[in-house]
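Trainee: Each chain, letter by letter, is given below.
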Amino acid sequence: MTMNTPVRLTAAVLCLVLLSSCARISIPATVKQVSGNGVHIMQTVQAMATAVEQAEEKKILPRNQAIKVMVVLSKITDAGQEVVKYLNLMMLADSPTELNSSVDKVIAALDIINTGLFQALVPIQDETLKTDIGLLAAEMGRTITIINREILGRAYAK
Amino acid sequence: MPSREDIERYTQALGAINLLIPVGAQLAFLIADGIKSFQGRNEEVTKAEAQAALDKFAQATGAAKTQIRDWLATHPPEPE
Chain V
9 MTMNTPVRLT AAVLCLVLLS SCARISIPAT VKQVSGNGVH IMQTVQAMAT AVEQAEEKKI
69 LPRNQAIKVM VVLSKITDAG QEVVKYLNLM MLADSPTELN SSVDKVIAAL DIINTGLFQA
129 LVPIQDETLK TDIGLLAAEM GRTITIINRE ILGRAYAK
Chain H
5 MPSREDIERY TQALGAINLL IPVGAQLAFL IADGIKSFQG RNEEVTKAEA QAALDKFAQA
65 TGAAKTQIRD WLATHPPEPE
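Residue numbers (the working numbering), protein chains in the order written: chain V, 9 to 166; chain H, 5 to 84.
Keep in mind that the hints are not guaranteed to be accurate.
What the hints assert, rightly or not - Per the computed footprint, the stretches of chain H lying under chain V, defined by three or more beta-carbons under 8 Å from a beta-carbon of chain V, are:
{"id": "1", "stretch": "52 to 61"}
{"id": "2", "stretch": "73 to 81"}
As the list claims (entries may be wrong) - Here's a subset of chain V near chain H, in silico, CB distances under 8 Å, partners left out:
{"id": "3", "residue": "Gly44"}
{"id": "4", "residue": "Val47"}
{"id": "5", "residue": "Gln51"}
{"id": "6", "residue": "Val53"}
{"id": "7", "residue": "Gln54"}
{"id": "8", "residue": "Leu81"}
{"id": "9", "residue": "Val92"}
{"id": "10", "residue": "Thr105"}
{"id": "11", "residue": "Asp134"}
{"id": "12", "residue": "Lys138"}
Claimed, not checked - Each computed DSBU-like pair below joins lysine-lysine, with the alpha-carbon atoms no more than 35 Å apart:
{"id": "13", "chain 1": "H", "residue 1": "Lys60", "chain 2": "V", "residue 2": "Lys66"}
{"id": "14", "chain 1": "V", "residue 1": "Lys166", "chain 2": "V", "residue 2": "Lys113"}
{"id": "15", "chain 1": "V", "residue 1": "Lys113", "chain 2": "H", "residue 2": "Lys60"}
{"id": "16", "chain 1": "V", "residue 1": "Lys138", "chain 2": "V", "residue 2": "Lys113"}
{"id": "17", "chain 1": "V", "residue 1": "Lys66", "chain 2": "V", "residue 2": "Lys83"}
{"id": "18", "chain 1": "V", "residue 1": "Lys113", "chain 2": "H", "residue 2": "Lys51"}
Because the hints were derived from the structure by calculation, they are not lab data.
Think of the CB as a built atom: it goes at the ideal place given N, C-alpha and C, for glycine as much as any other residue.
Looking at chain V on its own, in the form it has when it is part of the complex (with noise of 0.2 Å):
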């Protein structure tokens, strides 16, 4: 390797980061892939509180670390009603102020999302049944998020 090809290798790979950020995506198909992936994630979130609900009737999980999962699970729902609130807003939004501020606000509730989906985890202090429960679905529900969050990046009037 030459002494100029790593430098000539960043330049094109920071070109390449370049023309992908200007690779801007339609409003609603921003909203058409997002609200997709939303409906998995809440999806993933009733199979969480469907096992928390098994497992407390089971007694394998405490009736009160049963009901502190429940919460977080809650707070996640609240953020996903904010995600449609804001996938709303950003379809009727009538200036490029109000579409980013719209797209700012959907990322800033996925983000607790994201968060919620391990924190739910938390409580529950019996590690084969927080891997049983929902290791994977959170991980999966994580992943999703992170994709919508690449996916509301491009949807930014520039």
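Once you've looked at the hints, dock chain H against the given chain V.
Mentor: Chain H alone, transformed into the frame defined by chain V:
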């Protein structure tokens, strides 16, 4: 023992790789998106389609919220 020039060269190469790793994912996303848009280049998402998808998301969120709220309402905390 590597020479000073070798060390500088390797340091520059590592610096470039350190930049490549985080943007690699973005590049993959761009390529995948490019392929998708090439495959469906005449397809545009209408506002009606977006609204329909958003309504499904709202429904799924509502269903999850109702399930959790109902469980919390019927399962009070136990004394520790």
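Trainee: If you test the structure against every hint from before, which numbers come out violated?
Mentor: 10, 11 and 12
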